[in-house]
Amino acid sequence: MAFAQHQTSRRAGLPQMLLRLTRGAMLIVGIYLILYAFYAYQQPKALTFSSFGSLMNNTAPLALAAAGQALVVISRGFDLSVAGVISICNVTLAVYAMDGPGGALLSALLCIAIGVTVGAVNGVLVAVLRLQSIAATLATMIICQGIALVILKAPGGSVANWIADEMTGRLWKTIPVSGLVVAFVVVVWLMIRRSRYGLSLYAIGADEQSAALSGINTRRVRFVTFVLAGAIYGLAGFMLSAQTATGNPTSGTPLLMLSFAAVALGGTSLSGGKGGVFASIMGAAVLMLLQKVLFSFGIASFYTGMFQGVALICAVVFSGLLTRLGEAK
Amino acid sequence: MTQKQDPQTLAQQGDTRGSAKLSRDTISAATVAVLCVLLLLSARLVSPALGSWNQVETVLVLGFFLVVLSYGQGLVILSGGLDLSLPATITLGGILATSWVGATDPGAWYLLPVVLAVCGLVGLVSGIGIVWLRVPPFIMTMAMSIIVASALLGYTDGTPRGSAPDAAVWLMKSTFAGMPTPVSVLIGFVVVGWLFQSRSIWGRYLYAIGTNLDAACIAGVPVVAMQILPYVISAICAGFVGIALVGYSSGATLRMGDDYLLPSIASVVIGGSSILGGRGTNLGTVGGAILLTTLGTIISALGMEFGLRTVIEGSIVLFALLLLREELFQKLRTVWR
Numbered sequence: 102m103a104f105a106q107h108q109t110s111r112r113a114g115l116p117q118m119l120l121r122l123t124r125g126a127m128l129i130v131g132i133y134l135i136l137y138a139f140y141a142y143q144q145p146k147a148l149t150f151s152s153f154g155s156l157m158n159n160t161a162p163l164a165l166a167a168a169g170q171a172l173v174v175i176s177r178g179f180d181l182s183v184a185g186v187i188s189i190c191n192v193t194l195a196v197y198a199m200d201g202p203g204g205a206l207l208s209a210l211l212c213i214a215i216g217v218t219v220g221a222v223n224g225v226l227v228a229v230l231r232l233q234s235i236a237a238t239l240a241t242m243i244i245c246q247g248i249a250l251v252i253l254k255a256p257g258g259s260v261a262n263w264i265a266d267e268m269t270g271r272l273w274k275t276i277p278v279s280g281l282v283v284a285f286v287v288v289v290w291l292m293i294r295r296s297r298y299g300l301s302l303y304a305i306g307a308d309e310q311s312a313a314l315s316g317i318n319t320r321r322v323r324f325v326t327f328v329l330a331g332a333i334y335g336l337a338g339f340m341l342s343a344q345t346a347t348g349n350p351t352s353g354t355p356l357l358m359l360s361f362a363a364v365a366l367g368g369t370s371l372s373g374g375k376g377g378v379f380a381s382i383m384g385a386a387v388l389m390l391l392q393k394v395l396f397s398f399g400i401a402s403f404y405t406g407m408f409q410g411v412a413l414i415c416a417v418v419f420s421g422l423l424t425r426l427g428e429a430k
Numbered sequence: 368m369t370q371k372q373d374p375q376t377l378a379q380q381g382d383t384r385g386s387a388k389l390s391r392d393t394i395s396a397a398t399v400a401v402l403c404v405l406l407l408l409s410a411r412l413v414s415p416a417l418g419s420w421n422q423v424e425t426v427l428v429l430g431f432f433l434v435v436l437s438y439g440q441g442l443v444i445l446s447g448g449l450d451l452s453l454p455a456t457i458t459l460g461g462i463l464a465t466s467w468v469g470a471t472d473p474g475a476w477y478l479l480p481v482v483l484a485v486c487g488l489v490g491l492v493s494g495i496g497i498v499w500l501r502v503p504p505f506i507m508t509m510a511m512s513i514i515v516a517s518a519l520l521g522y523t524d525g526t527p528r529g530s531a532p533d534a535a536v537w538l539m540k541s542t543f544a545g546m547p548t549p550v551s552v553l554i555g556f557v558v559v560g561w562l563f564q565s566r567s568i569w570g571r572y573l574y575a576i577g578t579n580l581d582a583a584c585i586a587g588v589p590v591v592a593m594q595i596l597p598y599v600i601s602a603i604c605a606g607f608v609g610i611a612l613v614g615y616s617s618g619a620t621l622r623m624g625d626d627y628l629l630p631s632i633a634s635v636v637i638g639g640s641s642i643l644g645g646r647g648t649n650l651g652t653v654g655g656a657i658l659l660t661t662l663g664t665i666i667s668a669l670g671m672e673f674g675l676r677t678v679i680e681g682s683i684v685l686f687a688l689l690l691l692r693e694e695l696f697q698k699l700r701t702v703w704r
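Residue numbers (our numbering), protein chains in the order written: chain A, 102 to 430; chain B, 368 to 704.
Keep in mind the hints are simulated off the structure, nothing from the lab. Among the hints, erroneous ones may be present.
Said to hold, decoys possible - Capping the alpha-carbon separation at 25 Å, the derived lysine to any residue pairs in SDA-like fashion look like this:
| hint | chain 1 | residue 1 | chain 2 | residue 2 |
| --- | --- | --- | --- | --- |
| 1 | A | Lys375 | B | Leu675 |
| 2 | A | Lys146 | A | Glu267 |
| 3 | A | Lys375 | B | Gly663 |
| 4 | A | Lys375 | A | Phe285 |
| 5 | A | Lys254 | B | Val498 |
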């Protein structure tokens, strides 16, 4: 079955590719569009490039965090280290600010390197030493948070101006740069999704034993997944720093729970083997847009959490119902 | 061999099955206890003020919060779940105790059980969502956490008012039977908790559910009630910690529970429980909580910065995880037999 899909996808052109992109994420994209219509109805300026750009800037860190988390969740794991990686990247950029385009590139590479290092540690702990992913990444997260506190004791410092300005700006006054970064991750995902690695990822998530029996090197796939996820968290930390322009040793903590919320909202099952990175990014986008919509309806920002929580429960119950209906047929 | 064996040998034979399990639990509990004592004694070498009886008391008073909290977390993990709503529930207990009980009548101790009941309600909703709506525990308790935190933010308008109720202050700041009251209460709590988890039918049900839900269901365990119960107990424990924290620091903040979620999971893991459920003892968890607290007080007494302290805590969790791996235990068993 997977092989047949693989064959058709080779022959498929761009329209087919777009269809494939939305197939799993149709529901969440639909919800996003409906929400955006509400938002535009309430606040007509929502349709301007500048307000879309600022929404994108708010969304990008969570979207990237959710993208990395989705990879690990698909492989039937949990990665709590996302909060630690983002915090370390943020304080590093605030303490060792490097200005100019070259500095920005170097900073981005540094963030990715931090993420890859933490991801590799997670990978060794989970894939080689066979620790439970939730417990192992809990330990690495606590250690990472400690390292972030050692680098920067209290909120402060400032991120290089070039990063703070350009990464939150718009190309030709239209396309938000933060959106491009997220789009880059989506494109990479589309490329690897049907690759040998991508198929193995879904296979070990669905059933690790059968995956191993059919010749997949489960250890390597698991390890690569944590490393890839770490790299994306690094990017998330980079974008968060660009957005806040300052350092905070606990800046990653709020993203921990929300990254799981985004993944679940995107329809990715927490028991692995199902879902996708794009849907999780859209889940993150819905969570952030929901805040804006509630605000535009005049609901005090105090209560946004309530709506986010209820939306999360509803999404999980609803997608569970759909799955059960599908299985019953 | 053809003759009837006498009951004593039969009993001994029957015992061998239990001893394998016992050895695993006792190994981890003993390891944690020995580590605690070693830490306190070695701290004495660094500074004579450390490691005294006074310091043991301080550790026990500070450990009160984590022990109570991780007991609830331990029960939830034992039943195969995870409770991420603890920080929000702690804050709920603390804020109700100050902004409601403390602001209306600080002497009204009889309102505190109502506070606990409200907290228990949060756990009940989580449990119902998990069992009946089939929302994964991770998501359900996380959503409850977000919901409760935002409700509290709205209820207090961002700044909690009121003062600590007298009963909460008495709980944390008086002496009872020659010991600080929290230490006496802690001992009572641990005994009752142990009786419930290891010596009662409900405790055995939880082990059964955590090991294999389907098998437990077939064996006649009331699975619905027994899956919900740990979340209710955990929420009540968290509310109790909230009230105690208010009594200790004389006020509530909206972020008072935030620092307790990860240590609560960490103490359960350090205590030798499986994060997947079905295995672990509450004495191990208590040891894990005390170990983390001992470590915290020693490190802060040495004047080490908070970041390094966090790194060390994380490393201990990692160390415990690696030490408690299943393969290692099997190896140890084969060596010793």
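Here is what the structure says about each hint:
Proximity of Lys375/A to Leu675/B is assessed by CA-CA distance (about 39 Å); at most 25 Å being required, the pair is judged violated. Our distance criterion of 25 Å between C-alpha atoms is met by Lys146/A and Glu267/A, whose separation comes to about 23 Å. At most 25 Å may separate the alpha-carbon atoms for a hinted pair to count; Lys375/A and Gly663/B exceed this at roughly 41 Å. For the hint linking Lys375/A to Phe285/A, the alpha-carbon distance of about 22 Å falls within 25 Å, and the restraint holds.
Of the pairs offered as hints, the one joining Lys254/A and Val498/B is violated, with about 43 Å between alpha carbons and a cut-off of 25 Å exceeded.
In summary, the structure is inconsistent with hints 1, 3 and 5 from the numbered list given earlier, while agreeing with the others.
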